[in-house]
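A.B. asks: Take the sequences, apply the hints, and build the full model.
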Amino acid sequence: MRNHIAQAGVTGHYVNYPDLAFADWPTAYYGAENYARLQQLKQRYDPENRIRHPQSVRLTV
0 MRNHIAQAGV
10 TGHYVNYPDL
20 AFADWPTAYY
30 GAENYARLQQ
40 LKQRYDPENR
50 IRHPQSVRLT
60 V
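Position 7 of the sequence shown, counting from 1, maps to 6 under numbering that gives the first Met the number 0, and the rest follow consecutively.
Think of the hints as simulated: they come from the structure by calculation, not from any bench.
Glycine included, C-beta positions come from ideal geometry on N, C-alpha and C.
Please note that the accuracy of each hint is not assured.
What the hints assert, rightly or not - Restraint ranges, calculated between C-beta atoms of paired labels, are given here:
hint : residue 1 : residue 2 : range
1    : 55        : 32        : 11 to 21 Å
2    : 4         : 46        : 11 to 21 Å
3    : 52        : 9         : 16 to 26 Å
4    : 30        : 1         : 31 to 41 Å
5    : 8         : 49        : 30 to 40 Å
C.D. replies: This is the structure we're talking about:
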């Protein structure tokens, strides 16, 4: 089903249904610009990366 959706051109996904198979989940869930802003907030409020899971906002390197 995921492949059919991707072939139909759907690039955005509902974030409350995490799926590790999405190749570019940050963009799919949040959009490129929004994700960059979320990374800035993550750096400010969670610089030690204590809040994390496979699809959490990642710290910038």
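A.B. asks: If a hint holds in the structure, say so; if it doesn't, say that too.
C.D. replies: Here is how each hint holds up against the structure:
no.: 1; hint: 55 - 32: 11 to 21 Å; result: holds, 18 Å
no.: 2; hint: 4 - 46: 11 to 21 Å; result: violated, 36 Å
no.: 3; hint: 52 - 9: 16 to 26 Å; result: holds, 24 Å
no.: 4; hint: 30 - 1: 31 to 41 Å; result: violated, 19 Å
no.: 5; hint: 8 - 49: 30 to 40 Å; result: holds, 37 Å
The structure is inconsistent with the numbered hints 2 and 4, although it conforms to all the rest.
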